Amino acid sequence: MPGVDVRLVDVVKRFGETLAVDHVNLEVQDGEFFSLLGPSGCGKTTTLRMIGGFEEPTSGLIELQGQDVTWLPPYKRNVNTVFQNYALFPHLTVYENVAFGLKRRGGLKDGEIKSRVGEMLKLVELPGFDKRKPNQISGGQAQRVALARALINRPAVLLLDEPLGALDLKLRKQMQVELKRIQQEVGITFIYVTHDQEEAMTMSDRIAVMNRGSYEQLGDPESLYERPTTRFVAGFLGVSNLLPGTADGTAGAYAVIRLADNTRVRVPAALVNGNHNVEVGIRPEKIRLANPDSAASPETNQMRGVIKDASYIGVSTQYIVESRGGSQLTVYEQNVERATRAELWAPGEEVALSWTPEHTFVIKDTTPHDADN
Amino acid sequence: MATATAEGVITRASAPNRIGRAVEHWALPAVTAVAMIYLLIPIVVMIIFSFNDYQGKFNFIWHGFTLYGWLHPLDWPGLPNSLTNSLLIAFVSTVVATVLGTLIGLSLTRYQFRARGAINGLIFLPMATPEIVLGSSLLTLFVSTALPPLNGIVPRGSLFPLGLTTILIAHVMFNISYVVVTVKARLAGFDRHLEEAAMDLGANEWTTFWRVTFPLIFPGVMAAALLAFSLSIDDFVITNFVSGTTNTFPIWVWGIIKNALPVQINVVGSIVFLSAVAFVALTTLRSGRAARIR
Numbered sequence: 059m060p061g062v063d064v065r066l067v068d069v070v071k072r073f074g075e076t077l078a079v080d081h082v083n084l085e086v087q088d089g090e091f092f093s094l095l096g097p098s099g100c101g102k103t104t105t106l107r108m109i110g111g112f113e114e115p116t117s118g119l120i121e122l123q124g125q126d127v128t129w130l131p132p133y134k135r136n137v138n139t140v141f142q143n144y145a146l147f148p149h150l151t152v153y154e155n156v157a158f159g160l161k162r163r164g165g166l167k168d169g170e171i172k173s174r175v176g177e178m179l180k181l182v183e184l185p186g187f188d189k190r191k192p193n194q195i196s197g198g199q200a201q202r203v204a205l206a207r208a209l210i211n212r213p214a215v216l217l218l219d220e221p222l223g224a225l226d227l228k229l230r231k232q233m234q235v236e237l238k239r240i241q242q243e244v245g246i247t248f249i250y251v252t253h254d255q256e257e258a259m260t261m262s263d264r265i266a267v268m269n270r271g272s273y274e275q276l277g278d279p280e281s282l283y284e285r286p287t288t289r290f291v292a293g294f295l296g297v298s299n300l301l302p303g304t305a306d307g308t309a310g311a312y313a314v315i316r317l318a319d320n321t322r323v324r325v326p327a328a329l330v331n332g333n334h335n336v337e338v339g340i341r342p343e344k345i346r347l348a349n350p351d352s353a354a355s356p357e358t359n360q361m362r363g364v365i366k367d368a369s370y371i372g373v374s375t376q377y378i379v380e381s382r383g384g385s386q387l388t389v390y391e392q393n394v395e396r397a398t399r400a401e402l403w404a405p406g407e408e409v410a411l412s413w414t415p416e417h418t419f420v421i422k423d424t425t426p427h428d429a430d431n
Numbered sequence: 003m004a005t006a007t008a009e010g011v012i013t014r015a016s017a018p019n020r021i022g023r024a025v026e027h028w029a030l031p032a033v034t035a036v037a038m039i040y041l042l043i044p045i046v047v048m049i050i051f052s053f054n055d056y057q058g059k060f061n062f063i064w065h066g067f068t069l070y071g072w073l074h075p076l077d078w079p080g081l082p083n084s085l086t087n088s089l090l091i092a093f094v095s096t097v098v099a100t101v102l103g104t105l106i107g108l109s110l111t112r113y114q115f116r117a118r119g120a121i122n123g124l125i126f127l128p129m130a131t132p133e134i135v136l137g138s139s140l141l142t143l144f145v146s147t148a149l150p151p152l153n154g155i156v157p158r159g160s161l162f163p164l165g166l167t168t169i170l171i172a173h174v175m176f177n178i179s180y181v182v183v184t185v186k187a188r189l190a191g192f193d194r195h196l197e198e199a200a201m202d203l204g205a206n207e208w209t210t211f212w213r214v215t216f217p218l219i220f221p222g223v224m225a226a227a228l229l230a231f232s233l234s235i236d237d238f239v240i241t242n243f244v245s246g247t248t249n250t251f252p253i254w255v256w257g258i259i260k261n262a263l264p265v266q267i268n269v270v271g272s273i274v275f276l277s278a279v280a281f282v283a284l285t286t287l288r289s290g291r292a293a294r295i296r
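As given, the protein sequences belong to chains B and X, one line each in that order. Under this note's numbering, the residues of the first sequence are numbered 59 to 431, in order. Under this note's numbering, the residues of the second sequence are numbered 3 to 296, in order.
Among these hints, one or two may not hold up.
Here are the computed distance ranges between Cβ atoms for each label pair [unchecked claim]:
#	chain 1	residue 1	chain 2	residue 2	range
1	X	MET129	B	ASP126	46 to 52 Å
2	X	ARG116	B	SER98	31 to 37 Å
3	B	GLN87	X	THR285	50 to 56 Å
4	X	MET129	B	ASN193	32 to 38 Å
5	B	GLU121	X	ILE155	52 to 58 Å
6	X	ARG20	B	GLY74	56 to 62 Å
7	X	PHE220	B	LYS238	36 to 42 Å
8	B	GLU121	X	PHE220	37 to 43 Å
Computed list of chain B residues with no C-beta within reach of chain X, every gap over 12 Å [stated by the list, open to error]:
#	residue
9	SER117
10	LEU181
11	THR287
12	GLY296
13	ARG346
With the Cβ distance kept under 7 Å, some of the chain X side facing chain B (calculated, not the full set) [stated by the list, open to error]:
#	residue
14	HIS195
15	GLU198
16	LEU203
17	ASN206
18	LEU218
Keep in mind the hints are simulated off the structure, nothing from the lab. Being a predicted model, the structure only gives us computed values, none of them experimental. Backbone N, C-alpha and C fix where the C-beta goes; we use that ideal spot for every residue, glycine too.
Chain B with its partners taken away, still in its complex shape:
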C-alpha cells in the first residue's frame, strides 16, 4: 500500500518582504510523479528547494517518509535533486560525477561503485561516456548524467527543477518520454517543477497548479483540464471560453445559468453548488458550429454568434465567434469533413454554437485575475 512520501504542513517562506510560499499543504504519495506547475515567481522552485534542504522555511513542517526533516541539511536527507542547469561538476569526469554520491556514503568497494555507475549510465543510455568531461557532452547528455548522478543514490524522492528547460523542443519531447520511462522503471517518487503545462500533463500522475505562493488546484491532468475551478487554472492549462452569468433555477440534474445575452445554458448542478455569480467555461474543442437554421439536439446548450475570424492551421481551424452578448469565443474545429478552405465558415456568417452540458465547467471565483495565462 503506497504511503505518503513527502508531506508539507503550512509551509511558509519569506524573502524579506516578499512572501514566496504562502501556507502550502501537500501530500505526495510514494511512487508518484507529482508536478508543481506555475508561472515564474509562483513559488514552485522555492517549494522544491525547501524539500531539498537548500532553503529553510520561515514556518511550517516538512516530513519525508514520516520523518521531520525541516531543519536537516541537504546531505542528511534521503532526497536527490536534478538542477535546472544540471550543475555537473566541471572538474570531474562523467564517471566521477555519477559516482560522487556513492563515494560520499562510504563503505562501498570500488568494484561495486564501478558496476553501479555502469548500470546507471546504461539506464540513461550513456554507456561509454565515463571519461568525458561535462564540457564535452551535449545538453541532452548532460541532462542524463545529472539524472544518473541523482538516481544512483536510490533516494526516496527525486526532485527535478525544470530539468528540460535548457533543451530544444524536439529533445524535450524525447526526454519527457524518457523521464517517465525511467520513473516507472526505478519506482521512485518524482517531484517535478515546470512552467510548461503540456510537459506537466504528459508526465504527471498529479499536478498542483501554483500561483502567487500557493497552489490553486491539485489533481490529475484530466480533472485539471476538464474541471478547472479557478480562472487562473482554466487559463494556464489550455484555452478556455469563460462566460459570466447568474444562477437561474434548476432543470433536473442541471443548474440553469443565465448568461449576459440572456441565453440560458445548463451545467451540472453539483458544479454550481449554490453560488449565484459564476462563470461558465467551455474548452474551444468542445463547441460545435452549425447552420443556425438546422435543428439542434435539445440535450445541448445553444448560442448564436457571428464568425469574426477564421484561421486555418492544418489539423484544425480556429474560429473567433462573437456572441450576441458581445463576448468572443474561441472554437476549434477538426478539419475532418471540411477539407478545403472553401468549405470553412467565413467571417461574417451567422452560426449556432452548441455543446453538451457535461462539457462545461464552472468557476465560482469571479474576482478578476491579472495573472491569467
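Following the hints, put chain X in place on chain B, whose structure we already have.
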C-alpha cells in the same frame, strides 16, 4: 542594371576590406613584435651580461664570454644570506597571505555581514597607498612598540629591533590585498548550484569545500599565490623601511651597487627569470595535455 549595381557594391566594399586584411596581416603582428622586444630587451641584456668576463668592479662593458658567473653564482659576501632571507620571506608570506586572502575573498563574496562594504573598500587600500607611505608608517608602528605605552603590551624584542618578523608582517599585509582581489575575481563566476549539488549528494560542508569549491577556485588561488610570491621577492621600498639590519636580495643589491656590480646579480636574476618561464611552460604543457586527454 541589377548586375552593375551589384558590381558597384562589391568594388566599394572590397577596398576597405583589403586594407583591413592588410592591417590584420602585417600591422598587428608588427606592433606586437615591437611591444614584445620592448619588454624583453632588458631581460636579454641581463642574461647576456651574466656571461660577461668583466674587468674591474662593475659589470657594464662587454669583455668576453665566460661561465665563471654561472659556476660561482653565490660567490660574493652577503649574497647567500640575503637570497635565503628573500626566499624564506617570500615563501612564508605567500602561504600566509594566500590562506588568509582566500578565506577573506570567500567570506566577502559569500556572506552578508556588517562592515562587509567597508572591508571590500579597505582591502584595496594597501594597493592604492604609495609604498613609501606604507613603509614609513609601518616603521613608525614597529618602533613605537618599543616605547610607552605599547611596550607594556608588546613583548620585548618581538617587533623591535626590526628583522625577519617585521619584514614578514609587512609582506603578508600587502600580499593579502592582491590575493583577495584575485580570488574574488575567480569566485565571481562561481555557480553556487555546484555546492548545493555536492551537499545534495551527501557531502557535508567540509567535503564540499575540498571536493568541489577548492578544485574549482584553485587556478585563482594559484595565480594569487604566484603573484604574492613575485611581489614579495621583488619588494624593495617597504622592506627597506622595516628590515633593520636584515638583508633581502633587493636590499643587498641596492647596497652593493654603490661599490660594485658583480656578475652574480645577473646570474641570480637570470635564474629567477628562467624558473618563472619554466614554471609557466610546465603548467601550459600540463593543461595542454589534460585538454588532449579529454
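Non-interface claim for B/SER117, where every Cβ of chain X lies beyond 12 Å:
Correct as stated: the minimum Cβ-Cβ distance to chain X is 22 Å, above 12 Å.
Regarding the assertion that B/ARG346 does not contact chain X, is the least Cβ-Cβ distance greater than 12 Å?
Nearest chain X Cβ is 50 Å from B/ARG346, so the label holds.
Answer holds if the nearest beta-carbon of chain B is closer than 7 Å to that of X/LEU203; otherwise answer violated.
4 Å, holds
Less than 7 Å between beta-carbons is the criterion; does X/GLU198 satisfy it with respect to chain B?
Hint on X/GLU198: holds, closest Cβ of chain B at ~5 Å, below 7 Å.
Just to be sure I understand the hint, the distance between the Cβ atoms of X/MET129 and B/ASP126 should be within 46 to 52 Å; is that true here?
Because 50 Å falls inside the window, the suggested range holds.
State, for the Cβ atoms of X/PHE220 and B/LYS238, whether the hinted interval 36 to 42 Å holds or is violated.
40 Å, holds
According to the definition I'm using, a residue is off the interface if its beta carbon is farther than 12 Å from all beta carbons of the partner; does B/LEU181 meet that for chain X?
17 Å, holds
Between X/ARG116 and B/SER98, does the beta-carbon spacing fit 31 to 37 Å?
Since X/ARG116 and B/SER98 have Cβ atoms about 33 Å apart, the given range 31 to 37 Å holds.
Interface hint outcome for X/LEU218 [beta carbon to chain B under 7 Å]:
6 Å, holds
Distal placement of B/THR287 relative to chain X, Cβ over 12 Å:
35 Å, holds
Does 37 to 43 Å hold as the CB distance between B/GLU121 and X/PHE220, or does it fail?
Distance hint for B/GLU121, X/PHE220 holds at roughly 40 Å.
X/ARG20 and B/GLY74, beta-carbon distance inside 56 to 62 Å?
60 Å, holds
In terms of the numbered hints stated before, the structure departs from none.
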